[in-house]
Amino acid sequence: MKLEMMMSITCTLSIRHGIRQLRNPWADGPTYVTQCPIKPGATYTYRFTIINQEGTLWWHAHTDWLRATVYGALIIHPQLGSPYPFSMPKREYTILLGEWFDRNPMDVLKLAQFTGAAPNISDAYTVNGQPGDLYRCSRQETVRFPIESGEIVLLRIINSALNQELYFAIANHKMTVVGIDATYTKPFTTSVIMVGPGQTTNVLLTADQPPAHYYMAARAYNTAQNVAFDNTTTTAILEYKSAPCGAKKGQSSKPILPQLPAYNDTAPATAFNAGLKSPSQVKVPTSIDENLFFTVGLGLNNCTRPNSPRCQGPNGTRFAASMNNVSFVLPRTNSIMQAYYQGAPGVFTTDFPPVPPIQFDYTGNVNRGLWQPVPGTKLYKLKYGSRVQIVLQDTSIVTTENHPMHLHGYHFYVVGSGFGNFNPTRDTANFNLYDPPQRNTIGSNPGGWVAIRFVADNPGVWLMHCHLDTHFSLGLAMAFLVENGVGESQSVIPPPADLPPC
1 MKLEMMMSIT CTLSIRHGIR QLRNPWADGP TYVTQCPIKP GATYTYRFTI INQEGTLWWH
61 AHTDWLRATV YGALIIHPQL GSPYPFSMPK REYTILLGEW FDRNPMDVLK LAQFTGAAPN
121 ISDAYTVNGQ PGDLYRCSRQ ETVRFPIESG EIVLLRIINS ALNQELYFAI ANHKMTVVGI
181 DATYTKPFTT SVIMVGPGQT TNVLLTADQP PAHYYMAARA YNTAQNVAFD NTTTTAILEY
241 KSAPCGAKKG QSSKPILPQL PAYNDTAPAT AFNAGLKSPS QVKVPTSIDE NLFFTVGLGL
301 NNCTRPNSPR CQGPNGTRFA ASMNNVSFVL PRTNSIMQAY YQGAPGVFTT DFPPVPPIQF
361 DYTGNVNRGL WQPVPGTKLY KLKYGSRVQI VLQDTSIVTT ENHPMHLHGY HFYVVGSGFG
421 NFNPTRDTAN FNLYDPPQRN TIGSNPGGWV AIRFVADNPG VWLMHCHLDT HFSLGLAMAF
481 LVENGVGESQ SVIPPPADLP PC
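Take the UniProt record's numbering: the last position of the sequence shown gets the number 502, and nothing is skipped along the way.
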């Protein structure tokens, strides 16, 4: 499918999360990576082409924590005359899961950046902007989704929360997963899904229960140990139109609440991800040109004055995060892509390490000497058309955690995952190279690893980062520089005339 779309926004920045943006990093959007921010009062029109993608994606701001409030759905329907590869739904609903802060999210971030401590947690989760019945004073605005008995409904579920992976379920109803991240999947049925920030999941629901009102609910899946998080639950209501208006004697009119896993229960998330597969055999790269191994995780920076107001992390330190011990630093005078295209020196280097500088027991008791990362704006260069494998290895530095990693400009195949340290001899033999799922965002198991593969056929600068924005702001990111291939069809297009100046 190919279609032209244009977006214009007056904001600091916006991004079409998951659009491949072939040869067009200028429409990707992350601040100081592919463009400089749109200045207050100015506008920038994003022009891009969608090719061979259909399903559910979304758009959001990509400057600091503005994503907390600036986001929305981006739905790509099949071409006219092309049906869904599953039962045609009677109706469709989009469900945007979000986070709410009682104060300006940018102020929350600024305070954390000043002190070096962990930022304050959110005050509520939301469904389509509303917290739901279980919060104080929000019952009247609870979102309702009306349905008829017997009909099939397509739910497009987007986790647009800033910092939290979420479990989602619907009371007394099963869900059939049919798509993730704008790709179709082999259908499978589940009572609960786990969706990380940046991920989307399409499910079919059959209205096969007695007519009543049923809660949809989402709450945290949190794998970090001894770390504060928002442990509240957001709800919306699945409302059968034929449900009785009032409660009968001895019955409650309150909707039924689904059973959600405990916040630290990893098994349902692992089982859900294991059930995701492509509908049929896919072309996974089998011979690999670039075999990369990236550690992902937190860190702590030592302070010269540990008792100062700017050193309020554990034991008088400052929180940090890194990949392969490099804590990513965004430039502030020019974007990386503009500097590369213009040949401007001094903005970035291309020496991001393909493996950790020091090998260690990544999920064991890590020596404190390895807890402090090195800051830098380092890219890894890829030749056009190279076949790439990346193993993303969680570490136990500060805490093990499931990090939802998003790669801009690409979809990738998730060929394997596991717990503990990745063993190339043992684990590679168990990779799924037949029907692995395609995603643009994937989490590493807490205290484990995940392996992805893709072909570097999209030239430009493409960011890879943790979609927990707390970690991204701490430096859990890197970027690929994919070189031009041969000819115009394998080269980056020129920048548009209205690209925001630096």
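The set of hints was computed from the structure by calculation and includes no laboratory data.
Please note: incorrect hints may appear among the correct ones.
The calculated DSBU-like cross-link candidates involving lysine-lysine, where the alpha carbons are at most 35 Å apart (straight line), are [claimed, not checked]:
hint: 1; residue 1: Lys90; residue 2: Lys283
hint: 2; residue 1: Lys283; residue 2: Lys174
hint: 3; residue 1: Lys90; residue 2: Lys110
hint: 4; residue 1: Lys186; residue 2: Lys110
Hint by hint, which ones does the structure fall short of?
Failing hints, ascending: 3 and 4.
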